[in-house]
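Chains as they are written, first to last, in the numbering used here: chain A, 1 to 621; chain B, 1 to 351.
Treat the hints as calculated values from the structure; they're not laboratory data.
Virtual Cβ for every residue (Gly too), placed ideally from N, Cα, C.
There may be inaccurate statements among the hints.
[Claimed, not checked] Below are the DSS-like pairs computed for lysine-lysine, each with C-alpha atoms no more than 27 Å apart in a straight line: (1) B:Lys-6 with A:Lys-463; (2) A:Lys-368 with A:Lys-463; (3) A:Lys-475 with A:Lys-495; (4) A:Lys-494 with A:Lys-592; (5) A:Lys-463 with B:Lys-147; (6) B:Lys-193 with A:Lys-478; (7) A:Lys-478 with B:Lys-6; (8) A:Lys-134 with A:Lys-182; (9) B:Lys-193 with B:Lys-6; (10) A:Lys-189 with A:Lys-134; (11) A:Lys-368 with A:Lys-478; (12) A:Lys-463 with A:Lys-475; (13) A:Lys-494 with A:Lys-368; (14) A:Lys-475 with B:Lys-6; (15) B:Lys-345 with B:Lys-335.
[Stated by the list, open to error] Chain B side only, calculated, beta carbon under 10 Å to chain A, not exhaustive: (16) Ala-61; (17) Ile-66; (18) Gly-163.
Chain by chain, the residues run as shown.
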Amino acid sequence: MTTTVSHRTEGATSHQRVNDFALKLANVNGTGSASANSLLMQAIFRMGVPVSGKNLFPSNIQGLPTWYEIRVNQSGYTARALDYDLMVAMNSQTYAEDITEVATGGYVLYDSSWPLDASLLRDDVNFLGVPLAKMCLENFTSSRERVLMKNIAYAGALVALLDLDLDVIATLLTESYARNEKLLASNQKALRLGYDYARENFECPLEFRVAPLQATTHSILIDGNTASALGCLYAGATVAAWYPITPATALMDNFAALCARYRREPVDALVPGAPNSTQNNYLILQAEDEIAAIGMVLGASWSGARSFTSTSGPGISLMSELLGLAYYTEIPAVIFDVQRTGPSTGMPTRTQQADILLCAYASHGDTKHILLFPANPHECFEFAVTSFDVAERFQTPVFVLSDLDIGMNDWVVPELTWDDDFVPDRGRVLDDQQLSAIAEFFRYTNEDDQFVTPRTVPGSDSKGAYFIRGSGHDKFGKYTEVPAQYQEVVDRLKKKHAAAAGALPAPIEVRRDGARVGIVTLGSCDLAVREAIDDLAERGIAADYLRVRGFPFVESVRRFVEEHDECFVVEQNRDGQLRSLIAIETEVAIEKMIPVLHYGGFPLSASQVVDAVTSHRRVRP
Amino acid sequence: MSSPTKPLIPLAGLPTNELGLTVRDYEGAMSTLCAGCGHDSVTAAITQTFFELSTPPHMIAKLSGIGCSSKTPTYFVRGAHGFNSAHGRMATIATGANAANRELTYVGISGDGDSLSIGIGHLSHLMRRNVNMVYVLENNGVYGLTKGQFSASADIGSRSKRGVSNVIAPIDPIMLGLSMGATFLARSFSGDKAQLIPLLKAAVAHQGMALIDVISPCVTFNDHEGSTKSYRFTREHEVKEIETDFVPWQQEISMPHHKDDAREIVMHDGSVVRFRSVPEGYDPHDRQNVEEYIRERHERGEIATGLLYVNESSSDVHEMNNTPEVALSKLPYSKLCPGSAALAKLQEDFR
Chain A
1 MTTTVSHRTE GATSHQRVND FALKLANVNG TGSASANSLL MQAIFRMGVP VSGKNLFPSN
61 IQGLPTWYEI RVNQSGYTAR ALDYDLMVAM NSQTYAEDIT EVATGGYVLY DSSWPLDASL
121 LRDDVNFLGV PLAKMCLENF TSSRERVLMK NIAYAGALVA LLDLDLDVIA TLLTESYARN
181 EKLLASNQKA LRLGYDYARE NFECPLEFRV APLQATTHSI LIDGNTASAL GCLYAGATVA
241 AWYPITPATA LMDNFAALCA RYRREPVDAL VPGAPNSTQN NYLILQAEDE IAAIGMVLGA
301 SWSGARSFTS TSGPGISLMS ELLGLAYYTE IPAVIFDVQR TGPSTGMPTR TQQADILLCA
361 YASHGDTKHI LLFPANPHEC FEFAVTSFDV AERFQTPVFV LSDLDIGMND WVVPELTWDD
421 DFVPDRGRVL DDQQLSAIAE FFRYTNEDDQ FVTPRTVPGS DSKGAYFIRG SGHDKFGKYT
481 EVPAQYQEVV DRLKKKHAAA AGALPAPIEV RRDGARVGIV TLGSCDLAVR EAIDDLAERG
541 IAADYLRVRG FPFVESVRRF VEEHDECFVV EQNRDGQLRS LIAIETEVAI EKMIPVLHYG
601 GFPLSASQVV DAVTSHRRVR P
Chain B
1 MSSPTKPLIP LAGLPTNELG LTVRDYEGAM STLCAGCGHD SVTAAITQTF FELSTPPHMI
61 AKLSGIGCSS KTPTYFVRGA HGFNSAHGRM ATIATGANAA NRELTYVGIS GDGDSLSIGI
121 GHLSHLMRRN VNMVYVLENN GVYGLTKGQF SASADIGSRS KRGVSNVIAP IDPIMLGLSM
181 GATFLARSFS GDKAQLIPLL KAAVAHQGMA LIDVISPCVT FNDHEGSTKS YRFTREHEVK
241 EIETDFVPWQ QEISMPHHKD DAREIVMHDG SVVRFRSVPE GYDPHDRQNV EEYIRERHER
301 GEIATGLLYV NESSSDVHEM NNTPEVALSK LPYSKLCPGS AALAKLQEDF R
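Bound conformation, chain A alone (with noise of 0.2 Å):
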């Protein structure tokens, strides 16, 4: 069967929803769908209206297939969706099953360049054909061009169905292509061709719409590894080593981005005359492994630099031996944790939250380090910001574990701000004047209220000169190898993990009246559980909700799992590594917490949260 008009179903139209839909747009990966899809997100959010764009792709360069969702939401509703208005199925090897994935009486936009089989179509759906590659045949010349512009011929009968602004698209066009003017006149045109097309022949816009709002007035579109990138620019690192990983790799490129542009100085020239150079007041070094990388970190952060690196899970692995070398002589260290699938190599291109043990205890021995937990990129922002003080303030390394969904994806965050008049908190490092001020200087001696001792930096007085040692060591940084001195060592180290607690970001807590549940997460399934919670309301159970952004924990945790009838623990990976966590250090009985877990690979979507909240009331009423 062809057809190349839409055929709606019945009832279709019965009520409009404004600003409340998702779509998902099944593409090949490597054919340039990516600027469409994202074209469509960034008008969407220029209209003022809450919007989030998941994407969904292989581990592959090209020809795999990928899927891009993005979801509307008035309230802001944005975290997944499972439920689709409108596919956009431009995949072959992916159409079945993408056109299983439509909601009753939703809609598929296909290339009806050639018949669709019979056997794809549902009764239950409207399909909307579009002749694209025909279109872009006879429209476009280069090969390259035919393939590409189909992107963004879809996108243009996009903008007619969902009534997208065409002034925002066409001034987002021209940015994108500010620099190529034959490449602007293609994509304008490409998107003219779809326009039309969908207003000849469809009713448009459908019943889901968009409509402008003021929603999106003071927030921002950005990827969780730009800001992280940007909270190690204004905490004022200038030391980084890393080695590219998946998700991770955007965060070093960022930082050298920003680099180039924020930390080139200029120097006036050494002879008269001669053109005035620049100097680069920041080091990247491309490591030959994670374990060189983080070997990096330290060694610039002993000399007293700002360092850090950014991996995932595969390089935490390979990183954990000078981890807990940082963590037993007290050095300085920040690492990003973009979190992919694991185990092993996993799923590189997926999400996950599974390094949360791993990070917690990191190397050999009695190690244990400081993880923060950012929800999305406005917290990579803060966090990162916050990770170079607390690593300094305790020195020892302190983990910002964001994941490919906050790292990768474009959210809509609130504006970051900056206050002019911070000081970043180096911590307690002695200089020669205060060296000369006191008897002796013994590296592990003269702790502090939160069990932190002084450090020197390479370069200073001879008199603040120790030997950094991975071997056992006394409080006076002598080798040793008598229980009581090692233990008053490590003892000290114990205490001062603990004392750290209150120097994170505290818990975030939501409270209902009466509720009896309570809902323990963090990172990236806020949005997803702040909507379930809101969803059980409706169906009359009250849930209490707790985001942990910070190990180790502070009392609330432990109380809040202790105050509820039901706790359930939301996280993403198989085993409950946050729960178990929590039972752990908090001593909590680990039966007081239910396990939510999700761990596909795909980001947490809030029906997910509401089916196992009420499936296990139902089971235990």
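Dock chain B against chain A, hints included.
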């Protein structure tokens, strides 16, 4: 092992250097290595080198990995800043430290296990990056701390103390360096301070990564008949055709010149390395020539020592990255943070 503090016996009349310090001020804790260990001689040479160069102790950073050799930074320049890191990882720590503060003199001490097995990747990339540091590889062909296993530098046919012959090809750090783009490659013998000290001085003056492979016999596990890293074997097979003097730049004027038969290399800091003798046709700037010479000597069962290869014209990691003269760690925060106005403007890109 714990290092006993060396008793500081006041010796009147010890010569002082430009800083008014005596050689005693460049010593460290008492060595806990076996009596007669080659490493202790290297320690003594390093002590003497920094004393003679009048390097301020606090401007020295001494680093090491794990192994017998890596214990030795405790035994020299007690006023220097020390970092005993993890097995094979010293190069990475040194790279980061140097990145943060290029103003210090970095000296890394490693062994053949640390450098040529577990840490060979890092050593290779340290040479590629040309991090400005002295890298002393105390090479004894054997794992001492774990009691006598062959290391990756053990020659084929070399016999262990238990009588087992090594059958795997050795890694020569000099040959490795030639292929990795190293800019200063020297070999010496722990028993020859007269050769080692000028090489150490030249290595300090070199702007880049300077590797000195020091054959340093292990008296306990690899100094027997049949070993090719014993004192006796090294003495009998060492070929010292390449001899150099080191002339600090301050002394240049008073030194007699023999320009006719000496090759001179002016180092980055103005000091001069003068080749007193080289074999006929030998060019320490010619990678291929050097490689052929070492290979030829090796095939004859000989160990060529001296400053084998040098390239003073290459850039170190800071020059490659166009960083400021001052240490990055000393840049004031005001130079590093773009501020609120820049952040507001930058975010126009995110709308």
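Okay, the hints, checked on the actual structure:
no.	hint	verdict
1	B:Lys-6 with A:Lys-463	holds (17 Å)
2	A:Lys-368 with A:Lys-463	violated (31 Å)
3	A:Lys-475 with A:Lys-495	holds (15 Å)
4	A:Lys-494 with A:Lys-592	holds (26 Å)
5	A:Lys-463 with B:Lys-147	violated (37 Å)
6	B:Lys-193 with A:Lys-478	violated (30 Å)
7	A:Lys-478 with B:Lys-6	holds (14 Å)
8	A:Lys-134 with A:Lys-182	holds (21 Å)
9	B:Lys-193 with B:Lys-6	holds (22 Å)
10	A:Lys-189 with A:Lys-134	holds (14 Å)
11	A:Lys-368 with A:Lys-478	holds (23 Å)
12	A:Lys-463 with A:Lys-475	holds (17 Å)
13	A:Lys-494 with A:Lys-368	holds (8 Å)
14	A:Lys-475 with B:Lys-6	holds (21 Å)
15	B:Lys-345 with B:Lys-335	holds (18 Å)
16	Ala-61	holds (5 Å)
17	Ile-66	holds (8 Å)
18	Gly-163	violated (33 Å)
The earlier numbered hints that this structure contradicts are 2, 5, 6 and 18.
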